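K.L.:
Okay, here's what each chain looks like letter by letter:
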Amino acid sequence: MIYVDVWYKQKLLNGQQLWSYSSFILVNDRGSLIFDFSICHHGGPQTIEFLTKRVSALGAVQSGQFLVNCDTYVSTPSLPPQRTVHVVHNSEHPSSVFAILESGQKTIPLVADRLFDLLMLKIKNIYTKKQPTIESKGPRFELADFCIKLGSVTISQNFKGVLVEVEYKPCVVPAYCQGLMREFLQGFLGSCFIKNSRCNG
Amino acid sequence: MCFSIMSMESGTTPVPLTLRVRRACDHQDMPFQLRYIGVPEGTGNNNSRPTIVRSSIDIGTSASIIEFLTELGCRVDFEYMARGYMFRKGRMKITVSKIFKLTNGKPQDTVEPISQSYLVELSVLAPSGQDAIAEDMRNFAEQLRPLVVLEKVDIKRMPMSLP
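So the protein lines, in turn, are chains Z and V.
Under the UniProt record's numbering, think of the first position of the first sequence as 1, with each following residue one higher.
Under the UniProt record's numbering, think of the first position of the second sequence as 1, with each following residue one higher.
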């Protein structure tokens with residue numbers, strides 16, 4: 001699970017190289033596979049609409065909306081060296097908060113209750129919140145063992161890119177279902193250009 | 001484990017912010033618990049409250065919390081293991097425990113308690129502003145006399161290390 005959120009953080013925060021493409025992610029509880037893709041539709045809403053039609057044509061049923069957001073906190077200069085804490089909320093796990101602490105070369109993930117947000121308020125003198133919040137939201141679909149999320153990524157309401165997230169629920173090892181998921185993705189992404197495949201977990 | 005981090009406010013002296021991490025040694029698969037504890041409310045000579053009142057936030061976390069806090073800039077103040085009994089009376093929680101020393105997170109070779117006495121602790125987790133329960137606590141504490149002297153302690157005046 002945490003790999004997914006590390007990925008979200010990486011993609012949401014270091015997204016400069018991402019936004020020229022759209023991106024999709026294959027996730028499960030133990031890891032994720034990440035690909036970037038380009039699609040011949042311009043604009044976020046059009047891309048989401050286009051993909052929604054494709055997914056629906058496969059027989060997927062929409063099951064509400066999803067939302068992932070990320071707040072970033074930076075340590076004050078009085079507490080050297082500089083550290084960064086990313087706090088990710090995911091509607092798929094509504095009672096949890098996922099935090100990633102970056103300190104030098106170290107990256108420490110943490111899963112906590114929602115009350116962790118209150119703790120971040122308590123240490124606001126030491127870790128100040130960087131604006132703005134980055135979020136990805138959009139429709140969520142289910143198709144048999146697959147869960148598909150079509151997310152529109154925004155920073156301060158400015159559209160930045162599209163995240164397509166696909167989860168194959170029965171398998172917890174991404175490498176074992178990579179081929180299957182690639183095939184599934186081709187079912188609705190078609191012949192789009194796929195590159196930069198990475199596997200976490 | 002008790003951690004503290006200095007909370008810097010501009011123009012004031014740094015105030016330590018206290019965070020405690022607990023875990024059940026007999027249920028290793030349970031989540032760790034992170035607890036923020038605020039400063040005692042209404043401290044001063046004319047404090048007529050029967051108990052110490054502190055704000056607290058309890059957060060269940062994954063096992064990476066110790067490394068997370070250490071890298072966050074917190075420093076470990078002290079660490080101990082408590083073993084004993086827990087009772088409940090309504091909303092009150094009463095723990096009767098012996099305290100054991102730990103070195104580097106592990107009990108010492110000879111697991112001797114710090115003292116042969118038991119530490120009795122009476123606490124209630126209540127929404128802020130509900131001070132009426134404090135009277136119940138005082139009445140309960142009276143019942144334990146003279147075997148147990150359950151009194152409000154001034155944490156600031158307590159020695160940080162045992163003799």
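Bear in mind the hints are in silico, worked out from the structure with no lab data behind them.
Since the structure is predicted, the reported quantities are computational estimates derived from the model, not experimental observations.
Do not take every clue at face value.
[As the list claims (entries may be wrong)] Per label pair, the in silico range of CB-to-CB distance:
hint, chain 1, residue 1, chain 2, residue 2, range
1, Z, Asp-145, V, Leu-119, 50 to 56 Å
2, Z, Ser-78, V, Ile-37, 18 to 24 Å
3, V, Ser-128, Z, Lys-129, 55 to 61 Å
4, Z, Lys-169, V, Ser-123, 40 to 46 Å
5, V, Ile-114, Z, Gln-131, 44 to 50 Å
Just so it is clear, CB atoms sit at the ideal spot from N, CA and C, and this is done for glycine as well.
K.L.:
It remains to establish, for every hint, whether it holds in the given structure.
P.N.:
Do the hints match the structure? See the list:
In this structure, Z:Asp-145 and V:Leu-119 meet the distance hint of 50 to 56 Å, their C-beta atoms being roughly 53 Å apart. At about 23 Å, the CB distance of Z:Ser-78 to V:Ile-37 agrees with the hint of 18 to 24 Å. Distance hint check for V:Ser-128 and Z:Lys-129: the Cβ-Cβ separation is about 24 Å, which falls outside the suggested range of 55 to 61 Å. Range check, Z:Lys-169 to V:Ser-123: Cβ separation about 42 Å, and the 40 to 46 Å hint holds.
Between V:Ile-114 and Z:Gln-131 the Cβ separation comes to about 48 Å, which falls inside the hinted range of 44 to 50 Å.
Hint violations for this structure: number 3 only, all remaining hints satisfied.
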